[in-house]
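Number of protein chains: 2
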Amino acid sequence: MKAAIITIGDEILIGTTIDTNSAWLAEKLNLLGISIYEIISVSDEKFHIMSALKRAEEHAQLILITGGLGPTNDDITKKTLADYFNAELKLFPEVYKVLKEYFDHRGIQLSEKNRTLAELPANCTAIRNPKGTAWGMWFEERGKVYVSMPGVPWEMKSIMHDTVLPKLKQKFSLPAILHYHILTAAIAESQLAEKLTVFEAQLPANFKLAYLPDMGFVKLRLSATGNNMNELRQQMNHQVERVKADASKHIYGFENDIFEQVIGNMLAEKNMTIATAESCTGGYIAHRITTVAGSSAYYKGSVIAYANEVKTAELGVSPHTIQQQGAVSEQTVKEMLTGVIKKLNTDMGIAVSGIAGPDGGTDEKPVGTVWIAVGNETNMVVRQVQLPGNRKQIITLTAVVALEMLRRFLLK
Amino acid sequence: MKAAIITIGDEILIGTTIDTNSAWLAEKLNLLGISIYEIISVSDEKFHIMSALKRAEEHAQLILITGGLGPTNDDITKKTLADYFNAELKLFPEVYKVLKEYFDHRGIQLSEKNRTLAELPANCTAIRNPKGTAWGMWFEERGKVYVSMPGVPWEMKSIMHDTVLPKLKQKFSLPAILHYHILTAAIAESQLAEKLTVFEAQLPANFKLAYLPDMGFVKLRLSATGNNMNELRQQMNHQVERVKADASKHIYGFENDIFEQVIGNMLAEKNMTIATAESCTGGYIAHRITTVAGSSAYYKGSVIAYANEVKTAELGVSPHTIQQQGAVSEQTVKEMLTGVIKKLNTDMGIAVSGIAGPDGGTDEKPVGTVWIAVGNETNMVVRQVQLPGNRKQIITLTAVVALEMLRRFLLK
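Chains A and B supply the protein sequences, listed in that same order. Residue numbering for the first sequence follows the numbering used here, starting at 949 and increasing by one per position. Residue numbering for the second sequence follows the numbering used here, starting at 949 and increasing by one per position.
Keep in mind that the hints were calculated from the coordinates and are not lab data. One or more hints might be untrue.
When the alpha-carbon atoms are kept at most 27 Å apart in a straight line, the in silico DSS-like pairs for lysine-lysine are as follows [what the hints assert, rightly or not]:
hint, chain 1, residue 1, chain 2, residue 2
1, A, Lys1291, B, Lys1156
2, B, Lys1156, A, Lys1002
3, A, Lys1291, B, Lys1290
4, B, Lys1282, A, Lys1290
5, A, Lys994, B, Lys1092
6, A, Lys994, B, Lys1002
7, B, Lys1340, A, Lys1002
8, A, Lys1167, B, Lys1340
9, B, Lys1167, B, Lys1156
10, B, Lys1167, A, Lys1092
None of the values given here were measured: they were computed from a predicted structure.
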């Protein structure tokens, strides 16, 4: 089964808006077993929209249209669709009722202009927009399905979730498809693939494995197709267990879990507090920890010691250590760690010191050399890593590796 | 003059890749005075590419094609273009020479497979790819221009910059267009627009002003069209001076200036050092400062005092202050500021304390309430701001406002 996507709107053709809707729609439809034949972006012109519709329906059974339903241009898209299907615009009482309630609730008079929001092509089924006043439209004509939605991403997504995706599953006899995400941190895609070589070789024919890497993380997506959803669920559970057996150490969560939240929950459960002592990351690890709402329950603070004198004065790193072994060394991060824990009176900490570049690298310690210490005085894990990329990437990867070290430390 | 963009590649139709190339191309072409008629994304199939080319050339004088030139699928796109123009693939000696040098330089034997990289449709002009081995192709047929480029964004951009954009300017008699960007921070788009009301009303007819907002920043783009570039430059200088007169306080830079770099340069020039004391931003201000390479010249470190006990113990905030006025108060950030400057021995500092939410707000101090102090003990600026948005937005906006306060402080 094939679909086409038409996006309507000048902002994409001018380049001020990146078309993220199409990628989102394409992913969701592919996950349902519907493949995208083509994506066409056109301007808010009747002729142009008509010709795109004509082209799209040549090869697709499903045509998704986004955009062109805003308050300033809703007439053109609705009118164009009505004309395309030789239908009239008519007032939909159920739409009018909801809009009236919406405006009444806000103490606004429903103007003649707003009243037209309830006028849709007579041959469509109106689709409620939970996040806005421009409704979606579902057409079944010529043996095909056409869906028109607003271009505002959250409105479109909400309409898709609530109505269009369920309706598509019902309308078309799509194969049963099940997806499951396994989330890993601080392991390269190639290393993970190596660990899963046997797993992949033995994967049943109705399963697919995708690696989705993103700055220190690799998301694994297992997809299974079949006829019976219950059977698929059982099969999926079995395959997930197999992935766990091969790569358990690197898995921090599943589906929509958030890395920093997972670690935060572990700290909160153990009733433990943490601090960070950062050099090359310049506060970025603290920032990642505090992106989590409620992190004040376990995070007390940090000392960002960019200058060596701050490492010495604030964290108690011995000048001798810095002189003999350098600011980027095992002994320095050890002393930074014990220093910050003592100073902020926490149960544990993270300390990092490294060379984020582009300057400051040497033959012995090139750009990307980072020392990381995690734990506390009596129980400490220290690692040296060599990270690739530019300054921004090195800072980001350092934070992911350090937080993953903390997660594993907490597992013990 | 109208152009069409064709993007070739399954990854866009599967939804794993967002098509950012088209927006980039659309913006660049619009800035040259070429408008985009249509964007079509198709799969790596000959028939599909052919039909997209046919559709595109119906309305456009320029057809830009990206993607489908990778090592695994270069034959299909090149072969398709050759067939489309009834041309043969032939070896281009100048391309072969460059490729041979490239591989020799890396000590790699030029294989038969790699040799095909030098084979292009006979009717094209080869365009050097400064960032890769797949060359671009420029065709002039049927009174139109067709350009094929790889889909890898940095390769495509580099080919556009070096060859395609200059060649387009030469080939087509485009109007003279001049653009200039004026960069502002920590002022809302609506407030800026208010300050520029008179300016806009008096803007000459050949000028346009665009507001491009992005999380605490508004970039102003002035665009001028005419026939004489020298004249435009003079006009532009005059208009830029007028913007400066009306909004000078909010302008931190022009064209490609980077906010944190501009502030870093000011600190370096004045030979001054800085530290931050952060509560609600949890290290994010320090992170922004240290994204700049070489920031160690002026940035010494930070104390991230999330817990009140850290504010007291490490920054010397009086427990009495916190008890009487709260951790989010004028007096607290003042004491945080003097505390961190003393502790890290810097010339000045930034201190912030606020409620990033979603919890922790009260009627008196709702989520988004932030106190910011900038300067040093003898010369301090303190402000309370009420910031909109979710936790992430409040953290980001706090950093921009605080850094902008620092910039203005340094101007004095």
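Verification of the supplied hints:
{"no.": "1", "hint": "Lys1291(A) / Lys1156(B)", "verdict": "violated, 56 Å"}
{"no.": "2", "hint": "Lys1156(B) / Lys1002(A)", "verdict": "violated, 36 Å"}
{"no.": "3", "hint": "Lys1291(A) / Lys1290(B)", "verdict": "holds, 17 Å"}
{"no.": "4", "hint": "Lys1282(B) / Lys1290(A)", "verdict": "holds, 26 Å"}
{"no.": "5", "hint": "Lys994(A) / Lys1092(B)", "verdict": "holds, 26 Å"}
{"no.": "6", "hint": "Lys994(A) / Lys1002(B)", "verdict": "holds, 21 Å"}
{"no.": "7", "hint": "Lys1340(B) / Lys1002(A)", "verdict": "violated, 43 Å"}
{"no.": "8", "hint": "Lys1167(A) / Lys1340(B)", "verdict": "holds, 23 Å"}
{"no.": "9", "hint": "Lys1167(B) / Lys1156(B)", "verdict": "holds, 14 Å"}
{"no.": "10", "hint": "Lys1167(B) / Lys1092(A)", "verdict": "violated, 45 Å"}
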